[in-house]
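Q: For reference, the chains in residue letters:
Number of protein chains: 2
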Amino acid sequence: MEYQEAKDKFISTWGSLGTLWGINKAMAQIQSLLFISTKPLSMEDIMEELKISRGNTSMNLRQLMDWGIVTKELIPGERKEFFTTEKDVQELARHIAKERSRREIKPVIKILKDVSSIKDDGTAKTKELIKQTKALHDLAETADTMMNKIVNQEQNWITKSLLKLIK
Amino acid sequence: MEYQEAKDKFISTWGSLGTLWGINKAMAQIQSLLFISTKPLSMEDIMEELKISRGNTSMNLRQLMDWGIVTKELIPGERKEFFTTEKDVQELARHIAKERSRREIKPVIKILKDVSSIKDDGTAKTKELIKQTKALHDLAETADTMMNKIVNQEQNWITKSLLKLIK
DNA sequence: ATAAACTTTCAATAATTATTGAAAGTTTAG
DNA sequence: CTAAACTTTCAATAATTATTGAAAGTTTAT
Chain A
1 MEYQEAKDKF
11 ISTWGSLGTL
21 WGINKAMAQI
31 QSLLFISTKP
41 LSMEDIMEEL
51 KISRGNTSMN
61 LRQLMDWGIV
71 TKELIPGERK
81 EFFTTEKDVQ
91 ELARHIAKER
101 SRREIKPVIK
111 ILKDVSSIKD
121 DGTAKTKELI
131 KQTKALHDLA
141 ETADTMMNKI
151 VNQEQNWITK
161 SLLKLIK
Chain B
1 MEYQEAKDKF
11 ISTWGSLGTL
21 WGINKAMAQI
31 QSLLFISTKP
41 LSMEDIMEEL
51 KISRGNTSMN
61 LRQLMDWGIV
71 TKELIPGERK
81 EFFTTEKDVQ
91 ELARHIAKER
101 SRREIKPVIK
111 ILKDVSSIKD
121 DGTAKTKELI
131 KQTKALHDLA
141 ETADTMMNKI
151 VNQEQNWITK
161 SLLKLIK
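Chains as they are written, first to last, in UniProt numbering: chain A, 1 to 167; chain B, 1 to 167.
One or more of the hints may lead you astray.
One copy or two, either will do: identical chains are not told apart, so a pair holds if it fits within one copy or between any two.
Unchecked claim - Straight-line distance between alpha carbons at most 27 Å, and here's what the computed BS3-like set of lysine-lysine pairs gives:
(1) K110 <-> K127
(2) K106 <-> K25
(3) K51 <-> K87
(4) K51 <-> K80
(5) K98 <-> K134
(6) K125 <-> K39
(7) K98 <-> K149
(8) K25 <-> K98
(9) K25 <-> K39
(10) K106 <-> K149
(11) K134 <-> K149
(12) K127 <-> K39
Just so you know, the hints here were simulated from the structure itself, not pulled from any lab data. Small disclaimer: the values here were computed from a predicted structure and weren't measured.
Given only the sequences and the hints, what does the whole structure look like? Please build it.
A: Laid out in structure tokens, this is it:
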């Protein structure tokens, strides 16, 4: 496999994987492109490489900046803006996990808590609803906490021993 | 909040969360409905409750069975088929994690491995591609392994001590 | 101040994905 | 065997989501 083929494969794979971590195709592809680029890229560069429109590029770059994984880079002497992505995978994972937790998981946990807190009127169906949503609430909260803790930790002793334990 | 409202809220929330674990709305809603039901439901029951067509119900039930989280239940004396979902949240999480790993994460890891194994021709861009996809590969593999280990474990001493450590 | 260089916005459109419903298929009771 | 009861399939359609491109907006150099 040659460079160009490998690059295209990486970008399209990572792009389609985007849905797995909750972002759309173009967004994921822009991030991939920046991730393997050796230098900051301009909007023009990105449009050109991915064959997408200016508007699409602009909107998706903004979203990536909202997620905190892409930043503007000012290049002295250049009029236009250049972009880079977080290059460290640990840091990248941290940002993504944090955003997903905040945007999607936490709100769901809140609703599960509300639903599982309804008044028990003694009927079987109410008891079942309470029991099951409570179980789901506890699971979601544990999973969310674990994910954040694991991903937020620098590679300190806790993480290292964790990895040893379960790998 | 009354039973009916709580129930509707749960089903629609869990339904829209479906995308987070990679399944579509109808599929997630059917699963939710079964999850809080005190008895197995027929296709008719599900159509009625969720106001969706027979075809849609049939297809999504099949997918849920493919995922291993819904099973057919034969009720003596009844002609039609009844359905139940896995009621234990741990077991549910196990099934979902296993399927997602198999269907989406493992194939991506494979591609990352391939891409990161291309021949180093000495150019900066090739070196960067190899370095970054390798880092991503290692991260994805670690995350996948951790997820599966955590979720597959019964609540044994390892899991318990893990939870104590990081909670 | 103004014009060129660049970015953002957003209504229109395209592409994708989900849903329907009726015909075809299957199973079971008599 | 065959008719009723039920399930599955799939082409048509609806709903949703992504993308375009051109007009409006902004910034900077002179």
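Q: Each hint: holds or not?
A: Results for each hint:
1. K110 <-> K127: The answer is within: 19 Å in one copy meets 27 Å, while 45 Å across copies does not.
2. K106 <-> K25: Close inside one copy (24 Å) and across copies (19 Å); limit 27 Å.
3. K51 <-> K87: within (23 Å within a copy, 47 Å between copies)
4. K51 <-> K80: Cα proximity of K51 and K80: one copy only (19 Å, versus 52 Å across).
5. K98 <-> K134: both (24 Å within a copy, 23 Å between copies)
6. K125 <-> K39: Close across copies (10 Å), not inside one copy (59 Å); limit 27 Å.
7. K98 <-> K149: Result: close both inside a copy and across copies, 10 Å intra and 22 Å inter.
8. K25 <-> K98: Answer is both; intra-copy 20 Å and inter-copy 24 Å each pass.
9. K25 <-> K39: Within. Shortest intra-copy distance 22 Å satisfies the 27 Å Cα cut-off; inter-copy 41 Å does not.
10. K106 <-> K149: Answer is both; intra-copy 15 Å and inter-copy 24 Å each pass.
11. K134 <-> K149: both (22 Å within a copy, 24 Å between copies)
12. K127 <-> K39: Answer is between: at 13 Å across copies they meet the 27 Å cutoff, but 59 Å inside does not.
The structure shown violates none of the earlier numbered hints.
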